Amino acid sequence: MTAVVELPVLQQDACCTPVTAAPITLEEAAKTASLFKALGDPTRVLLISIVAAAEGQEACVCDLTEPTGLSQPTVSHHLKILTDAGFLSRTRRGSWAYYALVPGALGRVASALT
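Throughout, our numbering is defined as the position within the sequence shown, counted from one, plus 9.
Simulated from the structure, these hints should not be mistaken for lab results. Remember, predicted model here, so these are calculated numbers, not experimental data. A portion of the hints provided could be inaccurate.
No more than 16 Å apart at the CA atoms, straight line, and that leaves these computed lysine to aspartate or glutamate pairs for EDC-like [claimed, not checked]:
#, residue 1, residue 2
1, K40, D93
2, K89, D50
3, K46, D93
4, K89, E67
Distance ranges between label pairs, derived from CB positions [claimed, not checked]:
#, residue 1, residue 2, range
5, C69, T26, 45 to 51 Å
6, F45, C69, 24 to 30 Å
7, R117, Q81, 27 to 33 Å
8, A61, A121, 17 to 23 Å
9, A121, S58, 16 to 22 Å
10, H86, T26, 40 to 46 Å
11, A12, T34, 46 to 52 Å
No residue lacks a Cβ here, since even glycine has one placed at the ideal position from N, Cα and C.
Build out the structure end to end from the sequences listed, making use of the hints.
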């Protein structure tokens, strides 16, 4: 015998309410697509997660190779894409590069959806 699952009843007017006030412009769509493109690789999402969880939301490139299982040049390539997209900032200290989460960068992606 198949179990019957009852779904909650939605307010009729709630399903017809627009999610956004107005559609975005073509220029805004291109900028938003570039953000999603930068996040379109699992390694880059992992890198942002590691940096965001690090003390001070900052990590040395030397600390990012082991968790990803990738070589330093490959990790640096992904970090450059995230920096160019505005998710991370880069600071040199001696021979090492440190990457920090740009304040509000992740919020831009969330606000692009609403």
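Now for the hints, and whether the structure bears them out:
For the proposed pair K40 and D93, the alpha carbon gap of about 12 Å is at most 16 Å, so the pair holds. At most 16 Å may separate the alpha-carbon atoms for a hinted pair to count; K89 and D50 meet this at roughly 13 Å. Taking the CA atoms of K46 and D93, the gap is about 12 Å. The hint holds against a cut of 16 Å. With a C-alpha separation of about 15 Å, the suggested pairing of K89 with E67 holds against the 16 Å cut-off.
Restraint check, C69 to T26: a C-beta distance of roughly 46 Å satisfies the suggested window 45 to 51 Å. Distance hint check: the CB atoms of F45 and C69 are about 27 Å apart, consistent with the given range 24 to 30 Å. For R117 and Q81, the Cβ-Cβ distance of about 28 Å falls inside the hinted range of 27 to 33 Å, so the restraint holds. A hinted range of 17 to 23 Å holds for the C-beta pair A61 and A121, which are about 18 Å apart.
Between A121 and S58, the C-beta spacing of about 19 Å keeps the proposed range 16 to 22 Å intact. Restraint check, H86 to T26: a C-beta distance of roughly 43 Å satisfies the suggested window 40 to 46 Å. In this structure the hint that A12 and T34 lie 46 to 52 Å apart at CB holds, the actual value being about 48 Å.
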